[in-house]
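Colleague: Listed here are the chains, written in short residue letters.
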Amino acid sequence: MGMEAPAEVEDAVLLRAAADGDLGAVRVLYERHAPWLTARLMRRCNDREVVVDVVQDTFLAMWQDAATWRSDGEVAGWLWGIAFRRMVSRLRQRKQTVLMPEWDGAATGLLPAAEDQVLLDVEYGDLGTALRRLSPEFRAVVQACVLDGLTTREASRLLGVRENTVKTRLHRAKAQLRGSLADLRLEGLT
Amino acid sequence: MSTTTWHADPNLLRAYVEGRLDAVLSASLERHVDACAHCRSQIGPLVEVPVLEEAWSGIRTGIESGRLPLLVRLAQRLGLPEPTGILLAATASLRLTWLTGGLVTLCFVTLASILADGAALWPFLLVAPLVPVLGVAVSYGPAEEPFEALTVTTPYGRARLIMIRTLAVLTLTLPAAALLGLTLPGPAWVAVAWLGPALAMIPLLLALASLTGPRLAASLLSLGWTGLVLFAARDLPSTWPVEGTQQVAYLTLALLAAAFLWVRSQRTQQIGVAL
Chain A
1 MGMEAPAEVE DAVLLRAAAD GDLGAVRVLY ERHAPWLTAR LMRRCNDREV
51 VVDVVQDTFL AMWQDAATWR SDGEVAGWLW GIAFRRMVSR LRQRKQTVLM
101 PEWDGAATGL LPAAEDQVLL DVEYGDLGTA LRRLSPEFRA VVQACVLDGL
151 TTREASRLLG VRENTVKTRL HRAKAQLRGS LADLRLEGLT
Chain B
1001 MSTTTWHADP NLLRAYVEGR LDAVLSASLE RHVDACAHCR SQIGPLVEVP
1051 VLEEAWSGIR TGIESGRLPL LVRLAQRLGL PEPTGILLAA TASLRLTWLT
1101 GGLVTLCFVT LASILADGAA LWPFLLVAPL VPVLGVAVSY GPAEEPFEAL
1151 TVTTPYGRAR LIMIRTLAVL TLTLPAAALL GLTLPGPAWV AVAWLGPALA
1201 MIPLLLALAS LTGPRLAASL LSLGWTGLVL FAARDLPSTW PVEGTQQVAY
1251 LTLALLAAAF LWVRSQRTQQ IGVAL
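One line per chain: the protein sequences are A and B, in this order.
Quick note on numbering: the working numbering labels position 150 of the first sequence as 150, and the sequence is numbered without any gaps.
Quick note on numbering: the working numbering labels position 183 of the second sequence as 1183, and the sequence is numbered without any gaps.
Hints in this document: simulated from the structure, not taken from any laboratory.
Treat the hints with care, as some may be off.
[Unchecked claim] For each label pair, taking beta carbons as the anchor points, the in silico distance ranges come out as: (1) A:D22 x B:L1220: 49 to 57 angstroms; (2) B:W1262 x A:G24: 41 to 49 angstroms; (3) A:V13 x B:P1050: 24 to 32 angstroms; (4) B:N1011 x A:V9: 24 to 32 angstroms; (5) A:D183 x B:R1031: 47 to 55 angstroms; (6) A:D22 x B:W1006: 33 to 41 angstroms; (7) B:T1171 x A:R132: 34 to 42 angstroms.
[As the list claims (entries may be wrong)] In silico negatives: residues of chain B with every beta carbon more than 12 angstroms from chain A: (8) P1045; (9) I1063; (10) T1105; (11) P1123; (12) L1174; (13) L1236; (14) L1251.
Positions of the beta carbon are idealized from the N, C-alpha and C atoms, including for glycine.
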């Protein structure tokens, strides 16, 4: 949106305007949040049409529920919650292929720049290494339940395994993570 | 702390958008982006414009066509697709007055049964099973159906439409009726037993309706049931209409009706073609 509308108008304020039927406010929110939301959905589903549908549904849902939004959290997180859940429920309706992210950085040939390493250290550090040590099934469960914040039920739908399997895998994955984090700490000391 | 001062390198963001990052790095970046409005905005120019514009035009149309009715949104929350929600809302809101009427009547007959101190269960037994079945029947009258056009042009098969509506009516009527049943005097099992004829009448209604249309079918069924209950009220025990042998008879009839519907649908490809 233009120059005179600085991006500094807070999401919550725009959301309130959207609740009052201000299409412009919806547009500003869309410009602010749709791109990263789309990019993130594209990393999880390789069907362009599904992504377009989900983005559309998400913002319509945002507009429908704007009035009931209580400003006790980030609008971004809220939107992502809606979007990802919609995508998972779309998978129930049709058998869509989902791209689960590549776990082996070597295959992509992209090493994080020294500066980007900061990000890893800040947010993950040892955890990244520990995650990479997990078997693919376990990593998929951790990705769905822990990183993407799905419930075990939604994760079971996403991954196409039974709910109990998700629970067991998550449980074991956590135990393995704890184990390797302890190992990594000890390795660091020596 | 440092997430507020550190920002992702444009190349890193580009690699993320193009899917060249591995999962751990992607996940780290996503966690950062969750909390960093600056990096979120940096992703903007990297995403294909056509995708964004396509989604936006849908949103615009959605907003301009107005907010969906509360019932539709409720149905959507429960995970039903929007067209189903709209059909349900059309059924439910049209029948709301009717349902209220049915439930009020039910309250009165329950009261009557209570006041009669268990001596007269028949008012309840007469009305309660008819509430759901009539609810299903009246959801089809073209005379009072402004959504008739929608029903006719709906992309659903008739059978699916009928099932959706029947289920909706049952969900709306049964819990209330069952609660009222609990307050009845007399043996506790009556509170559940009346569900037998109530549920058996649904396939019967649908089968009859496929021959005669819903109005006549509902009238025939109501007459039949009234006759049965009143006949029993004269000198048989008050719980007679819902006792074991009779339940078996209802079940048999229901199964026959279901079989009839099935055969008919095999022949005509549509259940309740006359509905």
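Colleague: Against each hint, give a clear statement of whether it holds in the structure.
Modeller: Taking the hints in turn, this is what the structure says about them:
For A:D22 and B:L1220, the hinted distance range of 49 to 57 angstroms is satisfied, since their beta carbons lie about 56 angstroms from each other. The beta-carbon spacing between B:W1262 and A:G24, approximately 55 angstroms, falls outside the hinted interval of 41 to 49 angstroms. Distance hint check: the CB atoms of A:V13 and B:P1050 are about 30 angstroms apart, consistent with the given range 24 to 32 angstroms. One distance hint, 24 to 32 angstroms for the beta-carbon pair B:N1011 and A:V9, holds here, with the actual separation near 30 angstroms.
Distance hint check: the CB atoms of A:D183 and B:R1031 are about 23 angstroms apart, inconsistent with the given range 47 to 55 angstroms. Between A:D22 and B:W1006 the C-beta distance comes to about 35 angstroms, which sits within the given range of 33 to 41 angstroms. Take B:T1171 and A:R132: their Cβ atoms lie about 49 angstroms apart, and the range 34 to 42 angstroms is violated. The non-interface label for B:P1045 is inconsistent with chain A: the shortest C-beta to C-beta separation is roughly 8 angstroms, within 12 angstroms.
The beta carbon of B:I1063 sits about 6 angstroms from the closest Cβ of chain A, which is not more than 12 angstroms, so the claim that it is off the interface is violated. Listed as a non-interface residue, B:T1105 keeps its Cβ farther than 12 angstroms from every Cβ of chain A; the least gap is roughly 36 angstroms. At the 12 angstroms boundary, the C-beta of B:P1123 stays outside the reach of chain A, the nearest C-beta of that chain being 43 angstroms off. Taking the minimum C-beta to C-beta distance to chain A, about 26 angstroms, the non-interface status of B:L1174 holds against the 12 angstroms cut.
Distance check on B:L1236: its Cβ is at least 50 angstroms (rounded) from any Cβ of chain A, clearing the 12 angstroms threshold; non-interface status holds. Residue-level check passed: B:L1251 sits 34 angstroms from the nearest beta carbon of chain A, beyond 12 angstroms.
In terms of the numbered hints stated before, the structure departs from hints 2, 5, 7, 8 and 9, listed from lowest to highest.
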